[in-house]
Amino acid sequence: MIDQPERIELLQAMAATLTDTVVPASSGGPQHAARVVANLCRILAREAEAGATVARTLSGDLQELLGTEGNLKELVTALDAKLAEGDRAFEVAALPALRRNVEQRLDIAKPDYR
Amino acid sequence: MSPNYEELKAGLEAVLAAAGYRDLTVRVAGDASVGATRRTVFIDVNTDTNSIPAVAQVSSRASQLALPMTASDEAGLVNMAEDAGVPVASMLAASDDESLVGGPVVIARRVDGLTVPRHVLRSLAEIAGAGDALAAQCGAALARLHGVDLELVPESVPRMAEPTPAESYVAELHRLLDNLNHPHPVLRLGVNWLGRNLPDAPTHPSLVHGDFRNGNLVITPQGLGAVLDWELAHIGDPMEDLAYLCMRTWRFGQNDNVVGGFGSLEALQAAYEAEGGLWRQQAFAWWMTARTVWWGIGLAFQAWNFAEGRSSSIVHAASGRRVVELEYDLLNLIDEQGGL
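Protein chains in written order, with this note's numbering: chain A, 1 to 114; chain B, 1 to 340.
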């Protein structure tokens, strides 16, 4: 069975309820917490929409860069270990993939930042 | 667990009694904030004859960013800055006895004014020239701080100056990054870049505040009322403070105003130099990059603390999704300085 509303709609509704109902009715620390949670709901809604594509792109980029296979966590760990060697030529080769990933994650976390 | 208000009241009364205050009671008015490294609580110190509005700041044992300065030396250092002409919240007492309030604590007089960055920016925007005037006050205050005689600085204030402040800082960033049990390749790339592009060393190291930014400044109708949060102070490169104040993350969306989102770089630099400070542009850009990496690591630590159950703060949880902002700033800063 397929339950409604879907995940993204639910997260957007949660964000709207916090912003429109809870924030105006609260103050100080609780109000700040409500704002933070509302923002997290919006981030998770965007992540539900685009997160899989971002992960797939990164995984492909890193497999090509590192010449190895593995799950995303293994690939990112291998990239970090390789960067820790301080090889400038490798950093230059890695930079386009890093920048692309940063921009894609930023579009999820804070789209108006760029 | 943080102590509740009753436990705090009893602990703070003991701290003040040990500092020589007699026949007093403390009223805990409420939490002001829970930051990356400490909890800030509003209190009133009441005696038979008067009531002193004050603030108690309890350091967190969970903080990986905290430097090993004692609370009592931090209080001494604030007094020293005050003597040098830096506006501060005057110290009432300090204690390193963690049994009293759950961590080292400093208690200072409360300076009324705005501290929440967005409130500060809104208020300054209403008065023409107020932002640049505040930037100039910040420049002057930092020049006075950086001129403090290091012979007078307490022994426990960390020295991050050997062989140079920048090299020492890169080593510290490597250490912090290695201690994070989670890979952050972009920050790793940033630390590598910093190590290969070290700036010239300052003619002499200075006392550096270490967290001088919009959010740690009390803004009054007269401008800079007090500089708060001295727990990250250390001996280092004076340009570190100036660069940190100008990081994009502390502009809170007001990117045209490089200094804290409120003022111009020209106003900051002119006032700093007028007060005797030496401005080094290359070091300024390098330190902005270094502090961007540092705060990226700081946010990653907050997220890690949440993930590991050491923190239950939703703000710390959300920090994990903010690391990417610092990564984006970092890559842009490297580009602006000639790229890899």
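A hint or two may mislead.
Claimed, not checked - Taking lysine to aspartate or glutamate pairs in the DMTMM-like style, the calculated list, with each CA pair at most 25 Å apart, reads:
id	chain 1	residue 1	chain 2	residue 2
1	A	K82	A	E69
2	A	K82	A	E103
3	A	K110	A	D87
4	B	K9	B	D23
5	B	K9	B	D48
6	A	K82	B	E167
7	A	K110	A	D61
8	B	K9	B	D73
9	B	K9	B	D112
10	A	K73	B	D112
11	A	K110	B	D48
12	A	K110	A	E64
13	A	K110	A	D3
14	A	K110	B	D256
15	A	K73	B	D48
16	A	K82	A	E64
17	A	K82	B	E172
18	A	K110	B	E172
19	B	K9	B	E126
20	B	K9	B	D44
21	A	K110	A	D20
22	A	K82	B	D178
23	A	K82	A	E49
24	A	K82	B	D335
25	A	K82	A	D112
The set of hints was computed from the structure by calculation and includes no laboratory data.
Comparing the hints with the structure gives:
Between K82 (chain A) and E69 (chain A) the CA atoms are separated by roughly 15 Å; this keeps the pair inside 25 Å, and the hint holds. Taking the CA atoms of K82 (chain A) and E103 (chain A), the gap is near 22 Å; set against the 25 Å cutoff, the hint holds. With a C-alpha separation of about 31 Å, the suggested pair K110 (chain A) and D87 (chain A) falls outside the 25 Å cut-off, and the hint is violated. Of the pairs offered as hints, the one joining K9 (chain B) and D23 (chain B) holds, with about 14 Å between alpha carbons and a cut-off of 25 Å not exceeded.
Proximity of K9 (chain B) to D48 (chain B) is assessed by CA-CA distance (about 17 Å); at most 25 Å being required, the pair is judged to hold. For the given pair, K82 (chain A) sits about 22 Å from E167 (chain B) by alpha-carbon distance, which is consistent with the 25 Å threshold. Proposed proximity of K110 (chain A) and D61 (chain A) is supported: the alpha carbons are some 23 Å apart, at most 25 Å. For the proposed pair K9 (chain B) and D73 (chain B), the alpha carbon gap of about 23 Å is at most 25 Å, so the pair holds.
Pair hint K9 (chain B) plus D112 (chain B) holds up; C-alpha atoms about 22 Å apart against a cutoff of 25 Å. In summary, the hint linking K73 (chain A) to D112 (chain B) is not supported, as the alpha carbons are separated by about 48 Å, beyond the 25 Å threshold. Under the criterion of a C-alpha separation no larger than 25 Å, the hint pairing K110 (chain A) with D48 (chain B) is inconsistent with the structure, at around 52 Å. A C-alpha spacing of about 28 Å is found between K110 (chain A) and E64 (chain A), which places the hinted pair above 25 Å, so the restraint is violated.
With a C-alpha separation of about 29 Å, the suggested pairing of K110 (chain A) with D3 (chain A) is violated against the 25 Å cut-off. Restraint check for K110 (chain A) and D256 (chain B): the C-alpha separation of about 19 Å stays at or below 25 Å, so the hint holds. Annotation: proposed proximity of K73 (chain A) to D48 (chain B) is violated, straight-line Cα distance about 62 Å (limit 25 Å). Of the supplied pair hints, the one linking K82 (chain A) and E64 (chain A) holds, its CA atoms being roughly 14 Å apart against a limit of 25 Å.
Annotation: proposed proximity of K82 (chain A) to E172 (chain B) holds, straight-line Cα distance about 20 Å (limit 25 Å). Taken as a hint, the K110 (chain A) and E172 (chain B) pair is broken in the structure, with Cα atoms around 29 Å apart against an allowance of 25 Å. In summary, the hint linking K9 (chain B) to E126 (chain B) is not supported, as the alpha carbons are separated by about 39 Å, beyond the 25 Å threshold. With a CA separation close to 10 Å, the supplied pair K9 (chain B) and D44 (chain B) stays within the 25 Å bound.
A hinted pair counts as satisfied when its Cα atoms are at most 25 Å apart, and K110 (chain A) with D20 (chain A) qualifies at roughly 20 Å. Simply put, K82 (chain A) and D178 (chain B) have alpha-carbon atoms about 14 Å apart, close enough for the 25 Å limit, and the pair holds. About 31 Å separates the Cα atoms of K82 (chain A) and E49 (chain A), which puts this hinted pair outside 25 Å; it is violated. Note on K82 (chain A) and D335 (chain B): the hinted pairing holds, with a Cα-Cα distance of about 22 Å set against a maximum of 25 Å.
Between K82 (chain A) and D112 (chain A) the CA atoms are separated by roughly 32 Å; this puts the pair beyond 25 Å, and the hint is violated.
In summary, the structure is inconsistent with hints 3, 10, 11, 12, 13, 15, 18, 19, 23 and 25 from the numbered list given earlier, while agreeing with the others.
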